[in-house]
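Same order as they appear, the protein sequences are chains A and B. Residues in the first sequence are numbered consecutively from 1, following our numbering. Residues in the second sequence are numbered consecutively from 1, following our numbering.
Hint data in this document are derived by calculation from the structure and do not stem from the laboratory. As the structure is a prediction and not an experimental result, all values here were calculated from the model. Ideal Cβ placement from N, Cα and C applies to all residues, glycine included. Each hint should be verified, as a subset may be incorrect.
[To be verified] Here are some, though not all, of the chain A residues that point toward chain B, as calculated from beta-carbon distances under 7 Å:
no., residue
1, A28
2, G29
3, I32
4, I48
5, V124
6, T140
7, G146
8, D196
[Claimed, not checked] Computed cross-link-like contacts, BS3-like style, restricted to lysine-lysine with a CA-CA straight-line distance of at most 30 Å:
no., chain 1, residue 1, chain 2, residue 2
9, A, K7, B, K159
10, A, K203, B, K53
11, B, K160, A, K5
12, A, K187, A, K203
13, B, K44, B, K57
14, B, K160, A, K7
15, B, K44, A, K203
16, B, K159, A, K5
[What the hints assert, rightly or not] So these bits of chain A aren't anywhere near chain B, every CB distance computed over 12 Å:
no., residue
17, P56
18, N155
19, G163
20, P188
21, A207
22, D209
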Amino acid sequence: MSRRKRKRFEEHLLGCEDCWREVAAARAGRSIVESGRELSPQHLRESIRSTVAAIPHKRKAFPYRRLGLSVAAAVVVALFGFATLTPDQPREIGLAVAHFEGTADLGPDISSDMPVEVEGMSLVRSEAGMMGTLEVTAHTYTDEDGHTMVVYSSNEEWPRAHGAEELSGTPSWKAELDGTVVFCSNKPVPSLVLGDAEVDVMKLAEALDLR
Amino acid sequence: MASEAHDGFLAATLPASDLVYNLARRLMRSDEQVEDLVQETYAKAFEAWVAGKRPRKVEPWLATICLNAGRSVWRKASTRREVPSEILPSHEDETTDVEREAVAAMRQELVHEALWQLPEEQRIAITLMDLDGFTATQVAKMTGTPRGTVLTRVHRGRKKLARLVEKEVIRLEP
Numbered sequence: 001m002s003r004r005k006r007k008r009f010e011e012h013l014l015g016c017e018d019c020w021r022e023v024a025a026a027r028a029g030r031s032i033v034e035s036g037r038e039l040s041p042q043h044l045r046e047s048i049r050s051t052v053a054a055i056p057h058k059r060k061a062f063p064y065r066r067l068g069l070s071v072a073a074a075v076v077v078a079l080f081g082f083a084t085l086t087p088d089q090p091r092e093i094g095l096a097v098a099h100f101e102g103t104a105d106l107g108p109d110i111s112s113d114m115p116v117e118v119e120g121m122s123l124v125r126s127e128a129g130m131m132g133t134l135e136v137t138a139h140t141y142t143d144e145d146g147h148t149m150v151v152y153s154s155n156e157e158w159p160r161a162h163g164a165e166e167l168s169g170t171p172s173w174k175a176e177l178d179g180t181v182v183f184c185s186n187k188p189v190p191s192l193v194l195g196d197a198e199v200d201v202m203k204l205a206e207a208l209d210l211r
Numbered sequence: 001m002a003s004e005a006h007d008g009f010l011a012a013t014l015p016a017s018d019l020v021y022n023l024a025r026r027l028m029r030s031d032e033q034v035e036d037l038v039q040e041t042y043a044k045a046f047e048a049w050v051a052g053k054r055p056r057k058v059e060p061w062l063a064t065i066c067l068n069a070g071r072s073v074w075r076k077a078s079t080r081r082e083v084p085s086e087i088l089p090s091h092e093d094e095t096t097d098v099e100r101e102a103v104a105a106m107r108q109e110l111v112h113e114a115l116w117q118l119p120e121e122q123r124i125a126i127t128l129m130d131l132d133g134f135t136a137t138q139v140a141k142m143t144g145t146p147r148g149t150v151l152t153r154v155h156r157g158r159k160k161l162a163r164l165v166e167k168e169v170i171r172l173e174p
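Here chain B stands alone, though its shape is the one from the complex:
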């Protein structure tokens, strides 16, 4: 049953659900794992909230909880992904409008898959800075790495991502 504490917590933190979701999508591979991680993040956050540990800024707080929980699951699972030679399956050479719309709609998924081609540190740094909007200083604090290292990872990751996506776009063009 919801209480004032539940309502207050959700009012303060639910607007950040997109941020948590985007981070979880880059920490976990399957949709089911992503949803589990988001729910676990909010559950941990609520428990801290009612224990009196309320941050002034919820976004970095939630992102840090998500990051720590995601890394904990990642290390336990010890998954070994094979890196596919292509990001997306190739399509037959069709020139219908439907096919072109499908290719356009796949762009978001293409970016997502390209991010998963990056080393974990670059993927996380880029997600926190470019998708979640944190500053390099904030990301440095959240990840426990020097600010300069964060910037290097983001810069290298962006360049690699641009190359990966460009290669896939050329391959997918009719």
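Extracted from the complex, chain A is given alone in its bound form:
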């Protein structure tokens, strides 16, 4: 809430008994709920350890591990070429990353003609609003494992992230900003796909004909 709106809200509260009661009741309820927060029992933590330990997992021998960590890092960077976070990213890109991370809202929910199921993910929400100067719709996909990816479509081309890598032969680029993978294609529709894992982001982009 902006400072001006907050001030108006607080002034209203001081003069409106009904609203004051509403806020007080909600605060009391919140306090009550928080008093009910529980610690997980010790035996449960132990059983979690046992459950996880019982799940077999074999370490895979990746060939690059023989080269040593420093060389391996260089190989990974050469293969994928992700840009690291640099300051002063274009505003629209920063807003998209903030929205993906859950620290910024976009706007009201809308109906969508995006595919409901794609690459094992389900469309859970579509919303519309402004990101900087762009009119944007955001479509959130999640899977059963709790992973989330968001597809952002806009009315105009997305600005390029600083340090982004162009994908040769395509009007697309990709970048890694603050741990979030960003794929951009300005054709056929100016779009961003954001996620935590590059392989999943690229798969979703391909499935949606953005690559």
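Starting from the known structure of chain A, arrange chain B on it as the hints suggest.
Okay, now just chain B, sitting in the frame of chain A:
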């Protein structure tokens, strides 16, 4: 046998066990179901972890897995709970110190039972926001509902909870 993967996963996710436990307690009714759900959550999470699907933030990730698994079990069980007219059984009118301590200790259980009086959507929204500490935006993403709807559910749930607990506290007072 534990491996680096097991140890790494547990180091990253075990600190969130309280969060998962509090959510599971509001998704499942019996202690046994709660423990099963918590273990299932961690098992699914570990399998995703070793498959390379590692989140940047484990808390919303674990909560979403728990929520999805819990709802899946809930729908399969199709339990029909009768809503009791009172949250807790009444006590004889005693004024001993032991009784007063017991009443105080029951407060946490009272809050828990009061939460179970709420509609599922309100209970889950309140648990995720007020107990697990997620923002309304995060809860909206995890539950696939608009942020405004989340806030409405939380607000109404808090008010109802305050009324329920107040009624029970008055009833339990010596």
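Hints the structure fails to honour:
17
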